[in-house]
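Can you make the complete structure from the sequences, with help from the hints?
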Amino acid sequence: MIEKALKGGRGYWTWVAILLVVIGLGVSAYARQMTLGLGVTGMGRDISWGVYIAQFTFLVGVAASAVMLVLPYYLHNQKAFSKIVIVGEFLAVSAALMCMLFILADMGRPDRVLNVLLYPSPHSMVFWDVMVLNGYLFLNLISGWAVLGAERKGVAPAPWVKALIYISIPWAFSIHTVTAFLFAGLPGRHLWLTAVLAPRFLASAFAAGTAILILITFILKKVAKFDAGPEARLKLSVLASYAGLANLFFLGTEFFTAFYSNIPAHMHSLQYLFFGLEGHAPLVPWMWFSLITGIISVGVLLSPPLRRKNGALIAACIGLVVSIWIDKGMGLVFGGFVPTPLEEIVDYMPTATEISVTLGIWAIGLLVLTMLLKTAIAVKTQE
Amino acid sequence: MSQNRREFLKKAGLGALAGLGAAAGLIPAFALEPTDSSSFTDAPVPGKVRWGMLIDTRKCLGNCTECIVRCHHDHNVPDFGKSKSEVKWIWKSGYEHAFPTASTQFQNPEVLERQVLTLCNHCAEPPCTKACPTEATFKRWDGIVSIDYHRCIGCRFCMAACPYGSRSFNWEDPRPKVKELSTAYPTRMRGVVEKCNFCSERLVKGELPACVVSCAENALTFGDLNKPDSEIRKMLAANETMQRKPELGTLPSVFYII
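Read top to bottom, the protein sequences are chains X and S. Note that numbering that gives the first Met the number 0 has the first sequence beginning at 0, numbered continuously upward. Note that numbering that gives the first Met the number 0 has the second sequence beginning at 0, numbered continuously upward.
Worth flagging that the hints you see were computed from the coordinates, not collected in a lab. Bear in mind the structure is a predicted one, so any value in this text is a computation, not a measurement. Keep in mind that the hints are not guaranteed to be accurate.
[As the list claims (entries may be wrong)] Coverage of chain S stretches by chain X, computed from C-beta distances (three or more under 8 Å per stretch; other residues unrestricted):
1. 129–136
2. 217–229
3. 238–252
[What the hints assert, rightly or not] Just so you have them, the derived chain S footprint on chain X, three or more residues with Cβ under 8 Å:
4. 44–51
5. 165–176
6. 213–224
[Claimed, not checked] To give a feel for the contact side, a few chain S residues facing chain X, derived at Cβ under 8 Å:
7. 83
8. 140
9. 158
10. 168
11. 171
12. 172
13. 175
14. 189
Don't be surprised by glycine CBs; every beta carbon is placed ideally from N, CA and C.
Next comes the structure, spelled out in structure tokens:
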């Protein structure tokens with residue numbers, strides 16, 4: 000079926016070419032990192048995880064959001080999603096792939112990556128994350144591909160496919176829960192040491208991921224003349240609005256616990272992110288932009304007349320994605336390291352190399368997604 | 000494909016696998032670095048020994064850095080000259096940085112200005128070993144939290160897990176930055192985590208850690224915390240002491256007299 004991705008118009012090939020150029024730049028930046036070491040990044044002794052781990056954290060959420068289509072479609076028979084369940088599954092595949100590439104890009108000794116499997120350590124959350132991420136990638140790839148293949152032949156999918164799909168539903172929750180546990184189990188890192196982190200991760204994932212799905216349906220309508228239908232979009236926007244609301248609520252509870260209890264260690268990271276700490280405030284404008292954009296976007300999505308207007312819906316979805324990307328793809332990871340365990344404040348700024356590698360990995364993910372969706376739409380429209 | 004060519008490829012593949020296995024030490028007879036087990040004495044019963052250190056900050060005053068210099072020399076700790084990629088095993092921190100959760104209200108100003116020696120705490124409940132996905136960092140039978148530099152994948156999870164900032168990562172190749180090479184301990188490669196090892200390479204020879212013997216003021220006491228009549232236990236019983244961030248339940252093996 001993949002040969003269908005090799006047929007396309009001028010616009011398609013231009014897009015693929017742009018992605019290949021960005022991938023090329025990313026690969027050359029990664030080669031530089033391989034030659035010189037992680038010293039070429041903005042990370043250091045005090046802020047030892049940066050933009051790579053932050054992107055990984057954000058993208059795990061995007062991967063998990065496929066369940067927002069799979070669950071209503073397969074468990075609640077929501078026929079409106081029949082045309083785009085595959086979009087969700089393939090988005091999950093590309094997002095999970097990017098997650099793994101970001102972890103690989105962040106490793107000091109990528110040549111030893113198999114040590115994670117050679118010396119399995121169930122006490123380490125990383126071990127579980129590798130398990131669930133790989134599992135989720137294959138669950139979605141295999142079940143999505145099998146359903147699509149059956150559709151092409153005009154037959155019902157094999158019974159085992161349904162079993163994989165049902166397994167993928169709790170699995171989606173597990174990938175983001177385990178990723179939250181990577182952070183939430185560390186003593187002395189107060190921004191992360193919170194029981195609400197896993198629910199917060201899930202809420203933000205279902206908000207941002209679903210918003211991305213809505214945006215993809217608009218893009219597909221425009222560039223591929225494939226319309227998922229207004230009903231599917233409307234249902235997704237309701238899901239995104241409630242998930243977004245839950246996410247804002249959880250953020251509020253973090254503020255309450257830290258500031259009402261008035262324990263300095265619990266307040267420091269939030270102060271650093273939102274108000275600045277001892278004159279250090281590089282992320283403050285970002286965080287406020289994220290918060291205000293998030294509130295407005297959720298407000299628009301919650302209003303039935305507004306979310307029915309395509310323009311407002313697109314703007315709100317972009318707003319929600321940007322807001323959560325700043326919150327999770329920057330603030331949460333960088334802010335967790337400030338102040339350091341010795342109460343020092345160190346700022347982090349990604350380098351050009353780091354940003355190039357990051358863009359390269361995003362481009363790889365987009366290329367994989369483009370090719371998978373091209374195949375899916377070719378099958379669905381019987382080109 | 001002809002039969003001969005297929006046979007050749009099969010054999011070449013097997014040969015390559017055998018070579019890889021030998022290089023990886025999977026086949027003991029071909030191991031590149033055979034281990035001589037006769038050089039090890041019997042390992043003591045687990046839980047019987049717990050090495051610990053007591054630092055008397057009243058004696059450790061002034062700008063003396065003898066222990067730091069000695070430790071960093073003996074262990075080939077590189078000096079990058081910048082804090083971002085700094086590697087440090089033992090160093091001095093301000094009192095409020097070493098004990099950020101201790102009350103400093105109305106504290107004697109002299110104490111607040113003290114520089115406190117900080118190093119890996121070799122916790123009885125180490126969060127770093129729990130976080131490590133490959134067992135590259137682990138707690139030994141004698142309580143020392145150790146690192147296998149050959150197994151570390153450089154994920155830096157242990158650094159995020161350590162509540163004392165005691166772990167360093169080799170962001171760059173450390174070897175060119177070692178001022179004066181020492182033969183007492185191996186150098187490291189880029190991309191792995193390292194930290195104080197309580198001089199386990201000296202303990203095995205019956206010697207005290209380098210920092211302890213190099214301290215002219217005798218500010219450091221080292222010994223077995225599980226031995227009731229050890230010098231360190233007597234000192235702990237006789238003095239009011241502190242551990243860093245005791246509220247986290249990591250049970251540090253490094254104690255301080257203020």
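#### Entry: Residue hint residue 158/S, partner chain X, criterion CB-CB below 8 Å
With a closest approach of 5 Å, the residue 158/S hint holds.
### Query
At a threshold of 8 Å, is the proposed contact between residue 172/S and chain X supported by beta-carbon distances?
Check passed: Cβ of residue 172/S comes within 6 Å of chain X, closer than 8 Å.
#### Entry: chain X contact restraint for residue 175/S - C-beta distance below 8 Å
Since chain X brings no Cβ nearer than about 12 Å to residue 175/S, farther than 8 Å, the hint is violated.
### Message
Take the shortest C-beta to C-beta distance between residue 140/S and chain X; is it under 8 Å?
### Response
Constraint on residue 140/S not satisfied, violated at 18 Å.
### Task
Could you check if residue 168/S really has its C-beta closer than 8 Å to a C-beta on chain X?
Since the shortest Cβ distance to chain X is 6 Å, the answer is holds.
### Restraint satisfaction for residue 83/S [CB to CB of chain X, less than 8 Å]
4 Å, holds
### Query
Within the segment 44–51 of chain X, is the number of residues with a Cβ closer than 8 Å to a Cβ of chain S three or more?
Result for this restraint: holds, n = 4.
### Message
Please verify the coverage claim for the segment 217–229 of chain S: does it have three or more residues whose C-beta sits within 8 Å of some C-beta in chain X?
### Response
violated (count 0)
#### Entry: Check of the segment 129–136 of chain S against chain X for coverage (Cβ-Cβ below 8 Å, three residues minimum)
holds (count 7)
### Task
Quick one: see if chain S covers the segment 213–224 of chain X, three-plus residues with Cβ-Cβ under 8 Å.
violated (count 0)
### Task
Three residues minimum, CB to CB under 8 Å: does the segment 165–176 of chain X make the cut for coverage by chain S? Let me know.
Three-residue rule not met by the segment 165–176 of chain X, so violated; n is 0.
### Query
With a cut-off of 8 Å between beta carbons, are at least three residues of the segment 238–252 of chain S near chain X?
As far as the segment 238–252 of chain S goes, the hint holds, because 4 residues have Cβ atoms under 8 Å from chain X.
Checked against the numbered hints above, the structure breaks hints 2, 5, 6, 8 and 13 and satisfies the rest.
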